[in-house]
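Enquirer: The residues making up each chain are set out below.
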Amino acid sequence: MWLRTIQRSSALRFAVGLSALSALSMAVVFAAMYWLIGAQLHSHLESSVAAELAEFSSEWEARGFDGLRDIVRHHAEEVRDADAIFVLQSLDGTVIAGNARGISPVVGHRTLAHREVAAEPAVGDADDTFYVAGAMLGDYFVAAGESDEEVDEIQDILIKGFGIALLATTLLSLAAGVLLSRRMQARIKGIRAALERVAAGDLKQVIPGSDARDDVGEVVGLVNTTVRDLRIVMDSVQQISNDIAHDLKRPLGRLQSQLALAYDGAKSGNDIQQPLADALAQTRDIQRVFEALLRIAQIESGARRAKFRPVDIAALLGDLYETFEPVATDANRKLLLVRGEPATINGDEELLTQLFANLLENGICHTPEGSTITLGMEVTKLAVRAWVSDNGAGISDADRELITQRFYRSDKSRAVGGSGLGLSLVAAVASLHDAKLEFADNHPGLIVSVTFRRVMI
Amino acid sequence: MSANPSRIKPGTMSVLLIEDDLEVVESIRAALTARGSVVEVIGDGASALKHLSLTKYDVIIADRMLPVRSGLEVVKDMRERGDGTPVLFLTALGGLDDRVEGLEAGADDYLVKPFEYAELIARLEALVRRTKQDSAPTHYRVADLELDLLNRTATRANAKISLQAKEFKLLAVLAQHEGKTLTRAMLLERVWGFHFDPRTSVVETHISRLRAKVDRPFSFPLIHTIRGAGYSLYVAPDNPT
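In order, the protein sequence lines correspond to chains A and B.
Residue numbering for the first sequence follows this note's numbering, starting at 1 and increasing by one per position.
Residue numbering for the second sequence follows this note's numbering, starting at 1001 and increasing by one per position.
Hints were generated in silico from the structure; no laboratory data involved.
Just so you know, these numbers come straight off a predicted model, no measurement behind them.
For each residue, glycine too, the CB sits at the ideal point set by N, CA and C.
Take these hints with a grain of salt, some might be off.
[As the list claims (entries may be wrong)] Here chain B is said to cover these stretches of chain A; the calculated rule only asks that three of the stretch's residues, wherever they fall, bring their Cβ under 8 Å from a Cβ of chain B:
no., segment
1, 89–102
2, 296–308
3, 316–325
4, 361–367
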């Protein structure tokens, strides 16, 4: 169970790995320290023994045998804890003075065990080792030695201290790891539960933890944004399919009754040309709706941007004016053109033509007879603003918010007809061109303006 | 302004239809053979290319989506080997870019599915006619109407007709296809560059303006409405020049 948890929780695995690594590095540091301190203490022992021997030697020089015997005896008497030996012996091994048994007369340094040097009765720790230096002074052998007991003690303390420190850090880092991984697991559990509900189709889920100021919080924030965008897309897809179904119900119903009329007419030998012509016109209207929907979808996909070319807005508006002026006149409206200087933008001429044609046709179709529609533009250093305004009834503030939605028709415009897609297409084309589309009150009437970034060539 | 059925009946054309949708194949074949054209059908692009190296047609109808090799590849390949047979491209509804790609590959015209047969016939005839005139003339004469495309002047019965730019373009497009029917969609594309269907009666309004200047002051009309199809410029047989 524990092992499974460790394997499954990346944070815990990380914590265990990290504490193992820190324990290992601590051990390396300690080994180096242990060795260095030991070496230092041993060399200290050696030099102190050497100093004592030098003292004996100078006493021998100064006062001969008596002086030597006295100083060895004196040193030996001062030893309390059996941690040092001093010995003066004759060549046959008889101890003359000192606190040790006779040892083999070797000149120079060596290490001897406690039992090799201890006098009877033995005092001191049997485990001790002695650093011993010996010298020949005349016919006498003199030796001084010190126990490494202190070195051992210090090294013992080092090992104990290290053990405690190692245990403490390991436990601490493990505890921290467990705690962290518990917290992380709790967060991830929350995220997973929320995502599972999202996967099951509940797009209203908000995944907890996006307020945490860390990388996980950041990821959660991004996932939340994605889910929210997905929800908006799903909602609008649902809305659009509802709208399409709703919007096509009426023309399809009309088509059906026209065909029924033609069918009845054919049966009874009446003229069926008119109902068939009506039905044909009806199918064209339906096809137009689909064409517009597909076109908007394609424009919104942004693929058209690859086909952008320099377009002179002034020439484009001039052409449109010439095209729609007679149309407006025939519909008892007046179309005016406010000409601007030539100004180039980067765009898709075909789509821009359709954008302004849609706005002009809206102006012509949604104003009362006798209205004036104005097509105009103004050029600044960086921007080209083109607008279509009218002095008709205008639109309400509420409609202004919704006007670019697919199939949206204000109550007033419903009677006039139209697919309800014209302004969606306008909005899509404007957005494709990164142009700003604004609907404003023209006091009276509506003014729709599109502001493009100007291109200098 | 009644339709003259004899004017819209096409001459027999030899047509190669490259299309794998059997329903489309059958209806196009029926519509064209009923008018006296000979239609051969090939279902994939690779076989069509092989076949085209052996046989010539007046006009080719190619679907964009084809098995083995696409309609685009067929047109590109044909043009690369110098085959100038006019190609009408069939594209899917809403395929904005398909049309541009098709024309760039070397197709001469396009038609969006689903379409009406009058539209198909009119476009095919315009294509066949276009290739029969080797270089596009800059001067047209239909009865007593004369058009000079270079100087942009129009005269009828030696009287100068003052036309706006769009009106002149409309008249020129009609004159270039004398006796052939131009549909609303064809006129919208060729005169106004509209690749969409406007809500207002753009074509009708301009045709009526044009008639007021070109036909009404004179003894007989040249611009005819072909019911259910479009417009055509010709001299009706009962109005001899």
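Enquirer: Can the segment 296–308 of chain A be counted as covered by chain B under the rule of three residues or more with Cβ-Cβ separation shorter than 8 Å?
Expert: holds (count 6)
Enquirer: For the segment 316–325 of chain A, does the count of residues with a C-beta closer than 8 Å to a C-beta of chain B reach 3?
Expert: That given contact holds, which follows from 4 residues of the segment 316–325 of chain A lying within Cβ reach (below 8 Å) of chain B.
Enquirer: Taking 8 Å as the Cβ threshold, is the statement that the segment 89–102 of chain A is covered by chain B upheld or broken by the three-residue rule?
Expert: Contact hint for the segment 89–102 of chain A vs chain B: violated, 0 residues under 8 Å.
Enquirer: Examine the segment 361–367 of chain A: at least three residues should have C-beta closer than 8 Å to a C-beta of chain B.
Expert: holds (count 3)
In summary, the one numbered hint that this structure violates is 1.
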